[in-house]
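Colleague: Sequence:
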Amino acid sequence: MPNSESSPADSASVDAEADWEARYQAGSTRWDRGGPSPSLEQWLQRTALKPGARIVVPGCGFGHEVPTLAARGFRVIGLDVAPTPVEQLRSDLDHAGLEADVVQADMLSWRPEAPVDGVYEQTSLCALPLAQWPAYERQLHAWLRPGGELFACFMQTGREGGPPFHCALPAMRELFPADRWDWRDEAGRTDHTNGKYELLHRLIRR
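Per the working numbering, the sequence shown starts with residue 109, numbered consecutively.
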């Protein structure tokens, strides 16, 4: 007989969906800029990826970056655990006449059908509990083809606790080690409110 008991991973996924969906239902989305982040344009100015490349945007929320990438000819997968932003993003793409895949799934268990060319990582890492960071790094590595590009926006809060959680660069160097990732360059920073900002880095999957 099939095992009907839920695994800890299944329970964590359900909890994550309920938690983030509650935030969207309550309108508690202070991280949402109402448009694409300036970080995206900084990546597009530096990336070696060309239109037609497959790019994942994990934890995309309302996904302002997804239609921006789609309009530039990239094949985009927007991924989020909560149903409300997924439904809104699908509607926005339809109204704009743009095509992209929008998937509701837990990013710690989801896998693309085939390795992708790029990942735009803006808000997912800093939203995860620190204990889940190694699993997320393994996911990003598994999603990308060898030579694929990770554009990481490392949140700097200068404080303990979260989300968002502080992504100190020494800790990021350990999380994304040199035997798995080639740290190519610093791409600057993007400022947020209350003194928070992101340090932008381009990493190549070995």
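Read the hints as simulated data drawn from the structure, not as lab findings.
For clarity, every value in this text was computed on a predicted model and none was experimentally measured.
Do not take every clue at face value.
[Claimed, not checked] Cβ-Cβ distance ranges computed for the label pairs, FRET-style:
hint, residue 1, residue 2, range
1, A222, A156, 33 to 43 Å
2, R180, P285, 24 to 34 Å
3, P237, P278, 24 to 34 Å
4, G205, G269, 34 to 44 Å
5, G205, P242, 36 to 46 Å
6, W291, P237, 32 to 42 Å
7, E207, P285, 30 to 40 Å
8, P159, P237, 29 to 39 Å
Cβ atoms here follow ideal geometry from the backbone N, Cα and C, with glycine treated the same way.
Colleague: Which hints from the list above does the structure break, by number from lowest to highest?
Modeller: 1, 3 and 6
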